[in-house]
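Chemist: If you want the building blocks of each chain, they are given just below.
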Amino acid sequence: MYIIVVGGGRLGYYLLKALLNEGHEVLVLEKDVRVCKTITDELGSVCFRGDGCEASTLAEVGTGRADMLVAVTGDDEDNLVACQVAKHKHNVPRTIARLRNPQNAALFKKLGVDVTISTTDIIIETIEREVPTHPLTQLMSLDEKGLVIVDVKISTESTTVGKMVKELSLPKESKLALIIPHEGSTHVPAANTVLRAGDQIIAVTSPETKEALRAALRGI
Amino acid sequence: MEFKKVLVPVVGSEADGEAMKLACRLAKKDKGKVWAVSVVAIKRVLPLDAEIDSEIRSAEDVLDSVESVAEEEDYEVETDVLQAREVGPAIVDEAVERGVDIILMGITYKRRFGQFNLGNVVPYVLKNSPCPVILYQQ
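Chains as they are written, first to last, in the working numbering: chain A, 1219 to 1438; chain B, 3 to 140.
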C-alpha cells in the first residue's frame, strides 16, 4: 500500500517508522529542511521536502496512485487542506486527519475527510474504558455508516435487572449484539433474554441515540 | 589493499569507460569481481517496479558499452540495472548488499552557477559509502 504522511514531526516520524516496518511504501512530506534531512539520514529516501497543502507537491509525489493520505501536522487547517486536495484532486480512496481541536471533527467530515483522529477524544474514550463505574463506553466508531459500537454495563442499581429484552424500550437505531455475563459464557441476546446485574451488553447504535440506549438498558 | 569486489556505477558519461578500465586493472591483480550498475531513477508518480522501457534500454546500452570496454581489457564483468527513487542511496545499498571493497565512479567536470559542482549523487556516496571510494575525473 502506498501511504503519504503529511507532517514529519514526532507523530509523523513514528507513524512512518511503524508503517515502514509493516512493509508499506511510505513517503513523508515535510516543509522543514532540517527535519527532512534527519529523517532521510536515518530512514533513507522516504522524506520529500515540500508543502503537503500544495497541489503541485502532492502531484509530484504521486498522490494519484496513493492508497491513503494521513495528515498529522500540528495545524488542523493544513491537515484539512492536504486531505481535501488529496481526496478531490487526486482521488485518494482514504484520507485521515489529525485534529487538535475536537470541535472541528464535524466540519472535516462534512468537507470529505474520511477519518478524523482527535487526541482529546482518544483520552476521553480511554478514561471511559478505564473507569469501571462508567455505564457506557464507546468501543468503536463506524464513521461511514454513522454508527458506534458501545459497551453498556448493567449494575445492581439498574432497574432493568430481571427484565426481558423485549420489555425494554430501545431506540429504533439500536441493536443488541452480545451479552457478556458476569459469570458464564457470552451469548447473543434474544427477545426473552433476561438482564442480570453484572452483564455487559455490546450494542450497535447511532451517536445521537447513545444516551437513550444507556437509559433504556439501565433504566436509571 | 585488496580489490576483490569492485562496484562501478555508470551513468553514460565519457568517464565511465576509463573508470571501467581502471576497475578491471585493479581487480585483475587480486582476481577480483567487477560489477557495473546503472541506476534508473523512478519518479514517485510511478510505482518502484514500473517498467520504463526507454530508460531501461538506455541503461542497458550504457552497460553494454562498459562491458565492451572490459572485454578490451580481457576481463569479465557483471552488469545490472537497478531501479530506485534516488541514485545515491541505490549505489550505497548495492555496495552494502554485495559487500564490495571499493566503489569506483567516473565523473566529468561540471559547472553550476559558474563553479565546479559534483551534483547530488557523488557527495551522497562519499558521505554514506561503507567502503573506500575512488573518483575518476575525466
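FYI, nobody ran anything at the bench for these hints, they're computed from the structure. Since the structure is predicted, the reported quantities are computational estimates derived from the model, not experimental observations. Misleading hints may appear alongside valid ones.
Unchecked claim - Just a few of them, taken from the derived set where beta-carbon distance is under 8 Å, the chain B residues facing chain A:
no.	residue
1	V47
2	L84
3	E88
4	P91
5	K112
6	R113
7	G116
Unchecked claim - Each computed SDA-like pair below joins lysine to any residue, with the alpha-carbon atoms no more than 20 Å apart:
no.	chain 1	residue 1	chain 2	residue 2
8	A	K1235	B	P125
9	B	K45	A	T1275
10	A	K1255	B	L84
11	B	K45	A	G1268
12	B	K45	A	E1272
13	B	K129	A	V1251
14	A	K1428	A	E1401
15	B	K33	B	R100
16	A	K1255	B	Y126
17	B	K35	B	K112
18	B	K45	A	L1245
19	B	K45	A	G1280
20	B	K45	A	S1263
21	B	K129	A	C1254
22	B	K33	B	Y126
23	A	K1384	A	V1422
24	B	K6	B	Y126
25	B	K45	A	A1273
26	B	K6	B	K112
27	B	K45	A	V1279
28	A	K1255	B	D103
29	B	K45	A	G1282
30	B	K112	B	E20
All C-beta atoms in this analysis are idealised placements derived from N, C-alpha and C, irrespective of residue type, glycine included.
Chemist: Hint by hint, which ones does the structure fall short of?
Modeler: The structure conflicts with hints 2, 5, 6, 7, 8, 10, 14, 17, 22, 24, 26, 28, although it agrees with all the remaining ones.
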